[in-house]
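I would like the entire structure built from these sequences, with the hints used as guidance.
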Amino acid sequence: PESRHMHKSVSSYRDGYKAHVAVEPETGLITATALTPANAGDGPTGTELLADEEPGLQVLADSAYGSGPVRTALTNAKHNAAIKAIPLRRNPRLGDDQFTRDDFTIDHTARTATCPNGTTVMIAAKGAATFGAKCRGCPLRHRCTTAIDGRVLHVSEHDAELVAARKAWANGDFADDYRQHRPMVERSIAWLVAKGNRRVRYRGIERNQHGLATRVAAINLRRLVNLGLDHRDGTWILA
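Letter by letter, the sequence shown follows residues 4 to 242 in my numbering.
Hint data in this document are derived by calculation from the structure and do not stem from the laboratory.
Everything numeric in this text was worked out from a predicted model, so none of it was measured.
Among the clues, some could well be false.
Claimed, not checked - Subject to a maximum C-alpha distance of 30 Å in a straight line, what follows is the list of computed DSS-like cross-link-like pairs (lysine-lysine): (1) K170 <-> K87; (2) K81 <-> K129; (3) K87 <-> K129; (4) K198 <-> K21; (5) K137 <-> K170.
Rendered as structure tokens:
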């Protein structure tokens, strides 16, 4: 009864649960886990997994964790978000040279939005910048909107954080770290679901959470042994 339906893509869907893990990327050790219904968001659960960590972490993650609220939460926790940016949505009825959010100039203090043709409008309280009739006769309209009533740009509460994230990703500010550590994290996930463990054994979140924690403990122990775990003079050490 606690399982839920989820779509990974349009053609890939399933009913069940979702396992969330935090992984130390240099060793592959899993430091925290959570099990949720399959339709639970990745980002909020991901930040909860870091609740007991000391400030100053570099947090690497894919774009599923790249929302504005997640980035704000990591900043407030004094972590450095090295997270792949969520790509901007594009209008399938416009060409490859179409204007996206990043072609508009937003003044978050004055609450104004300026389009590529230089027209400025106010941003409403709910975040909508409506250009409306100002789009009539615009020489750039064919690259901006197909809407009869003109372009409406939606500026989210976390717009500034998302713009900065896209710029950082485009500039490759942390691309080397992301590419270096992602394989180890993916390997840890592969170990977790190997030998049929992608399927749960029980009904309900609590029992399956216990099962997940037990498997993670076994995987971590095996990994520690492979890293040289040894017992000397009454102390466990990594040789």
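Evaluated hints:
no., hint, in the structure
1, K170 <-> K87, "holds (11 Å)"
2, K81 <-> K129, "holds (29 Å)"
3, K87 <-> K129, "holds (27 Å)"
4, K198 <-> K21, "holds (17 Å)"
5, K137 <-> K170, "holds (29 Å)"
Violated hints for the displayed structure: none, as all numbered hints are satisfied.
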